[in-house]
Each structure stands twice: as structure tokens, then as C-alpha cells.
Amino acid sequence: MSVLDLSRVTPGFTDPIRDSQRIFRAVMTAMSRPGLPLALAAPPTPPAGLDAASAAIILTVADFETPVWLDPALVTGAAAPWVRFHCGAPLTDDPSAAAFAIAPAASSPPLAAFNPGDSKYPDRSTTLVLMCEAFVGGPTIRLEGPGVDGAVDIAPLGLADDTVDQLRENRSGFQCGVDLILTTGSYLIGLPRSTRAFVTTTQP
Amino acid sequence: MSTLADASNRETSLYNFAYLDEQTKRMIRRAILKAIAIPGYQVPFGSREMPVPYGWGTGGIQVTAAVIGPDDVFKCIDQGADDTTNAVSIRRFFARVADVRTTEATDEATIIQSRHRIPERPLENGQIMVFQVPQPEPLRGLEPRETETRAMHAYEEYGLQYVSLYENVSAYGRIAATAGYPVMIDERYLMSPSPIPKFDNPKMDMSPALLLFGAGREKRIYAVPPYTRVRSLDFEDYPFETQTWEDACALCGAKDSYLDEVVLDDDDHRMFVCSDSSHCATRRDAGFTGPMSGHELARGEDGDTA
Amino acid sequence: MAYVAVKGGERAISHAHLWLEEERRGPGDVAELSLAQIREQLSLAVDRVMVEGSCCDADLAALAIKQASGDLVEAIFLLRAYRTTLPRFGFSEPLETARMAIRRRISAAFKDIPGGQVLGPTYDYTHRLIDFKLAAEGGAPEPAVVAAEPIADRLPTISDVFSKEDLLQVDERSDGAEAPFDLTRDPMSFPAGRDQRLQALARGDEGFLLSLAYASQRGWGSTHPLCGEIRMGEASVEFTPPELGFPIELAEITLTECTMISEFGGSMERPPQYAKGYGLTFGRNERKAMSMAIVDRALASGAEASETPHAVQDEEFVLYHSDNVEASGFVQHLKLPHYVDFQASLQFVRRLRKEWTARREAELAAAREAAE
Chain A
1 MSVLDLSRVT
11 PGFTDPIRDS
21 QRIFRAVMTA
31 MSRPGLPLAL
41 AAPPTPPAGL
51 DAASAAIILT
61 VADFETPVWL
71 DPALVTGAAA
81 PWVRFHCGAP
91 LTDDPSAAAF
101 AIAPAASSPP
111 LAAFNPGDSK
121 YPDRSTTLVL
131 MCEAFVGGPT
141 IRLEGPGVDG
151 AVDIAPLGLA
161 DDTVDQLREN
171 RSGFQCGVDL
181 ILTTGSYLIG
191 LPRSTRAFVT
201 TTQP
Chain B
1 MSTLADASNR
11 ETSLYNFAYL
21 DEQTKRMIRR
31 AILKAIAIPG
41 YQVPFGSREM
51 PVPYGWGTGG
61 IQVTAAVIGP
71 DDVFKCIDQG
81 ADDTTNAVSI
91 RRFFARVADV
101 RTTEATDEAT
111 IIQSRHRIPE
121 RPLENGQIMV
131 FQVPQPEPLR
141 GLEPRETETR
151 AMHAYEEYGL
161 QYVSLYENVS
171 AYGRIAATAG
181 YPVMIDERYL
191 MSPSPIPKFD
201 NPKMDMSPAL
211 LLFGAGREKR
221 IYAVPPYTRV
231 RSLDFEDYPF
241 ETQTWEDACA
251 LCGAKDSYLD
261 EVVLDDDDHR
271 MFVCSDSSHC
281 ATRRDAGFTG
291 PMSGHELARG
301 EDGDTA
Chain C
1 MAYVAVKGGE
11 RAISHAHLWL
21 EEERRGPGDV
31 AELSLAQIRE
41 QLSLAVDRVM
51 VEGSCCDADL
61 AALAIKQASG
71 DLVEAIFLLR
81 AYRTTLPRFG
91 FSEPLETARM
101 AIRRRISAAF
111 KDIPGGQVLG
121 PTYDYTHRLI
131 DFKLAAEGGA
141 PEPAVVAAEP
151 IADRLPTISD
161 VFSKEDLLQV
171 DERSDGAEAP
181 FDLTRDPMSF
191 PAGRDQRLQA
201 LARGDEGFLL
211 SLAYASQRGW
221 GSTHPLCGEI
231 RMGEASVEFT
241 PPELGFPIEL
251 AEITLTECTM
261 ISEFGGSMER
271 PPQYAKGYGL
281 TFGRNERKAM
291 SMAIVDRALA
301 SGAEASETPH
311 AVQDEEFVLY
321 HSDNVEASGF
331 VQHLKLPHYV
341 DFQASLQFVR
351 RLRKEWTARR
361 EAELAAAREA
371 AE
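Residue numbers (my numbering), protein chains in the order written: chain A, 1 to 204; chain B, 1 to 306; chain C, 1 to 372.
Same shape as in the complex, but just chain A (with noise of 0.2 Å):
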């Protein structure tokens, strides 16, 4: 382990008891709600690297007891040392050794890289924390399943091209499977591994 810059850490959360309390209400209302988008109010300013959502999230669910997999574009930038010094969690440079992952929507790897935990303990499976450009402007995706009143569309903007065939697949070995949060600015939405993701040509 290398030495910790501190001089580049900023801050993170000013009032981490109910800080971290709020921002869980909301991942965990965006983990029950798939695809529906929500708004963190007053997250931690965020390193370089990360938007304000992904921030908020590692920080209120990462601790020494759970490896974080960056993104290779983020381990040498700012999210690195400020990932370790306010969740005091272990880096791991193998996205399947992650409990949390956090990457560019566009550059990350695919969905099978992460780990899906094993048939007897499904929950030891990566969340995985896609940052995308925006919850607009994308390929439509409908989404259905536990947590979804009927059906709902979302078309975020940044996502490899192959993203529903990879989310069918990842559905398709439930109960095993990785559980994502796409975030945008200060905008998360949920997509836990028990949503079944399909194409649609209707505009959102």
C-alpha cells in the first residue's frame, strides 16, 4: 500500500452521521424503485473523477470491510486517495475481488467482469456504480420487475452499446448477478440485478 497524499484529499461529508443517513434513504428508495431517477440534496463535492452521486454513495456505503474496484482512469486521478482516506476501504485492481465498483458508463468493463456472487450467497456480488453523461438523450431502455409499478422507461446517455443484451444476461443468472446504480451530477437511478431490461422503440 502506497502512502496517502493527503494534500489531495477534499473533503467529504460535513455531518457524516445524518449525511450518510440521508444519502442511504435514497439508494436504498433507488435500489427498491428501479429506473426511477432521484436527487441527492447538498452531496459532498466530489473528487475529480467522480460525479456528486457516486461520491455520495461510496461514501455512505464503503468501509475497510468492503474492497472498492475504480475504474483504471480513476486510480491515479483524485478518487483514489480520497476513496481510502473517508471510507478507509481497500482498493482492489480485480473488479470481480469488488463489493463496490465505480466507472465511466462508457469505458467500463462488461457486466461479467464483476463479481455475481455464488448461487448459495448471491449477496456477495459487486454493486457496481456506472457514472453516465446524462438520464437523457440515450437508447430507451424499458425496465420491468420487482420494485417497477407496471413498466418504466429509461434512456440514459453514455452506455456501451450492447447494454440491454448485457443487463438480459445478467438477469438471465439470477439469483446470482451485479447490481448497478447509474448516476449522473447529483441524479442515481437504481437497476438491481432482479430488473428485466428490454429493448423498446416507444419514446420515454
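Just so you know, the hints here were simulated from the structure itself, not pulled from any lab data.
No false leads were mixed into what you were given.
Chain A is faced by these chain B residues, among others (derived, beta-carbon under 10 Å):
#, residue
1, F17
2, A18
3, P39
4, P44
5, I128
6, D186
7, R188
8, V224
Computed from a predicted structure; not experimentally measured.
All C-beta atoms, glycine included, are put in the ideal place defined by N, C-alpha and C.
Once you've looked at the hints, dock chains B and C against the given chain A.
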């Protein structure tokens, strides 16, 4: 002994917000997120020893402590009632350690912790139900070994459960389970709804509220997200049915709520009253009456009519 | 007679607490117990509460015993609930019990062993006659005789005695190992490692382990144990803070350690030798340490066995049911109201009974008709 003497001045304010330390909350929060992502699957978690005994709601308390914030409004019921001793005790605990507003009104609450009931008033989107769970494993009565039941869930081998229900049908002419009636979540995981009467099972199906289940002694958390299919197990020729009563609530006249039987004397006199105390009081306030309106059971703790 | 409907509520709870407190204190004309009296004169109770409470603090344990009116399981619960709020800094270096300052050390396996048999303070050869002199308070006991020569710093252990011949199974040392399993932070998982098993047994209820060990001895999963060694005394606890990088002594604590040995006939990979069962407790608690060692060995033999083991050899059975805080909670929670589930059951039984009666009457009627 000076350390203990110093500690004798210690106030509860020295405990963390919502009692649990932040690392424990994070651990529980992570378990909750995975529980939501895998509806009906029991996530093992590092349940802590709480200041109340196992069996008194340590799982529910830990789940509530991990989600509750200062803006929440907390309701706590036991057997459907807000005034049962343990419900009062848990409500007081959170009022003290989390400084939250508490309520008895189901529609005002953002978090409802419960033992053995789901309120009669339909839950709303945005509400969180926290269930206290004594035994999270629906198959435990059929197979005592955790290693075996975990494998059954992993490979979706629920034949044993159906055989047991079928044996009920042969012996009694119907499925015998009356509370803690097993349910299938999104057609994948068999789940125990905690010992709620099967009367409450249909309330879980496509509920707009988030349902969280905490088992402290058994160290498991599981969840049913809103708008999720919850199917009570049955057979085509022996369909699932809920309890019904010939009586109406003696106090408010409700005919469609779950009723408690109250023994009135040694002469076999009974009265039936709503198990959901808030539901009953709301109806009485709205002017509904039952055959024994004005009975002392309708009075509050200090003798005033609730 | 009419029953008054009981309503719970805040007032009932606070009144109950006041009453309980009054019961705890007892009559005011009897002097109040001090923590020092409990700690020093009920020290074996304190030791039990510390080990099953997983917290080595005699003052806190004494306070818990006082608060619980001497109900040790309740005191254990109090101590556990306090312990859970303490920050965890890490884990200690392995204890060097071979270097323990010995107060008692015996082996049943040999007439004498290097360092000798040291009887120490034990009930073993007391005659269990009530000492009525103790009823009249006071009087310092006759001082114990001090040995002419101090006991050696390092008394060889039973493992040392066997080491040349390799006759006793060797436990691998865990120097530099990863953090040991910690049941206070992670739920039980199976198959359990030895660390998880020993931690669960150390926290386990003394009475439960005693009965299991006894059942094992009587043939319900016997491992034919022999008491290789029991030692009791003071050992030092060392901790290496990551920022220092070298161990510092945190405390010296009293421990009771027991090694049970039993014959192992050998296998394809291992020659015949003796297998070990291990027990360790805070303070002086030989009954617990011996029971623990027998159950430890029985569980290991259960894992080696091919046929269905006895209860004492079944790790899910033993480890899931040895914790008295869990057991006491779950058994006693049955006194909480269950009337909602009971109403559901009552409806069901009444319906079954109605159907049964109707069926029975129809059968009797049919029988009467046939007889006529």
C-alpha cells in the same frame, strides 16, 4: 473504580444517533441493499447484541436503526396495537436515541415497525414496513439444518414445502398454516412473512410500500421491494384463503379487519375487537359504532376515551 | 367473575422498573453489596460472566452481577450488550500459555510431569461440608503456606511432553495469520473453522457444554477423553498496533486452560497418535474449560465421522444452541403477546373440531341405523 464512577454520570446522549455505531449501520445498510436486489433471499448479517433480549425485536430494531433519520415519523405496533408493552418500549427507545417524532396513525408514519401484523389501512408508496422476525427460514420446521435449507433455496428445491402442505390437505382437508404462511416472492424465493396471520398475506402482494424483515438472533435480513409479486402457496383445488369472522368489531363495527378475541368472564362471554388499534380508533372517531361501543377497552391508558 | 382488560403502556413499564429495582436492593437495613465484595468474594461468578460475556473486565462483570441480582445469565447479557458498543481495535498476538505464571497445573496422564503437579487453590479434595463458621461473618482465614521455591517461568505443556515422539496432534501456530473469525461481527457459517468453533464454545453456556460433555462421556458421541493437562494462572496479552509494528503488553489476565487427549487410530495420511481437544476460559473455571475441551474434540470427531453423528458431534446443533443469551431470549420471548397468531390457530382448531364432531355424529347415526 474511577472509570465506572465516571461512567455513572453517562447519559444516553453519549450513545450514537439511533444507538448503533456508524460501521454497524453501514454493514446493515449494505445487507438491506442486497436484500432489496434479491427479493425474498435471506442475507446473513453481523447482527449485534442489542440492549433488549433476542426475541424482543432485535432484528427489527437494528433494521430501523440503520434506516431511520431525524425527519422520519415512527410507528411501532405489536399484535397490531400501538399500546402493547413491547411496542411502547421500542417506540420509546427510538424517540430517545433517534429523537424522532412518533405516531399511532398509520398514514402519518414513514417507518412502521411491527410484530405479527400489517396495518389494515393500505400502505402507501414511500412508507417502510419493518418486520420483527423470530425465524426467517420458512423451511426450518421441515429441515433443521441451515446447510440444507440454504442449498434448497440456492437450487429452488421447494418440493419439501409442497409435500408438507399436501400432507396438511390429506390430514385436515385444508392447508393448516394460519400464521407465518409461506409465500413465493417474484416466483423465485420461498419466504416467511414472519408470524403475521395469513389474513395479512394479500396486503404484501404488489404493495406500494417497501417491506424489510429483520431477524436478530438468526442474523438475517430480507426484503420485498414495492410492487413485487407475493404469492401465498396453495393448490389449484385448495386455493389460498384468509380468515373471516362471523362477528364485527364490538367497538367500531368493522367487518373486514382482523379481530382479537377478548374473554370477558368465566361464563364463556367473548367480544371481538380490531387487532389494529389505530384503525379501530380512527373508525370510532369517524362515528362508526359496534355492538359494545363505549366498553372500557375503548378507553386510553389514563381513562380517557381514545 | 369479570376480567379487567390489561392495557400495556408506558406507566406500567416504569412502575415495573421501580418495583424491580426495589426487589434488587432488598431490605434497606441490610448493607449494600460493594462491587469490590462481588469481585473479590464472588470471583468465580465474575469469571463465568466475563468468559460467557466475552469481556475481560472484572469490575464491569461485578457490576452486571449486582444489577442482575446474581442472575448470571442476565449479567452475561448485560455485559454483552455493553461490549457491543465498544470500538474494536484489532486482535491480540496468540497467548503464550506455556509462559503462564502458574497457580495450578495438573496432568491426569502421568504420575509426574516436568515441573511437577501443582495442586493450587482447588475444591477437588475439600469435603463438601457446610462451613457454619462462615455464617458468622469475619475472621481472616489462616494464611496459605508459601512454597520454598517459586514455580519455574516456563512449565512444559503436555504437547512438549509428547513432542519428541510426535504422539500428540500438533495444532498449527497461527502467527501472522489473517484476522481470526469473530462471531461478534460475523454470523455463524458452516462448516465452521476451529477459530469460530472455539470462540462459540468459549462464549457458550457452561451448563449446556457440561451436559454435552457428560453425554459424550456416557457414550453419546464418546471420544474417550483423558485430561492431558489443566493449567491456571496469569498470562500476558500482547497487541501489535499497526503504527508501532511491534507487540506491547496490554494486560495480564487469569486463564484456565485444558487439553483433553483421546486416542486416534490413524488414517491413510496420519499415523496413530493422540488427538487434542482444547478449552480456555477467563479466570478460574475448570468445569467450563474441561467441558469445552471435550466438546471441541467431539466436534472434530464428528467432522471426521462418516455416519450420522451424535448431537455433541454435530456442529450446527452444538454451535447454534450453545449461546445462552440467544437461547434465553428466544425461550422467554414466548411470554410476549402472541394472541394474533393464537387467534388464527384458535379459529382453525375450532373449525376442525366442528367438522370432527359432525363427522362423528354422522358415523354414530349410521352405526345406529345399521344396528336397527
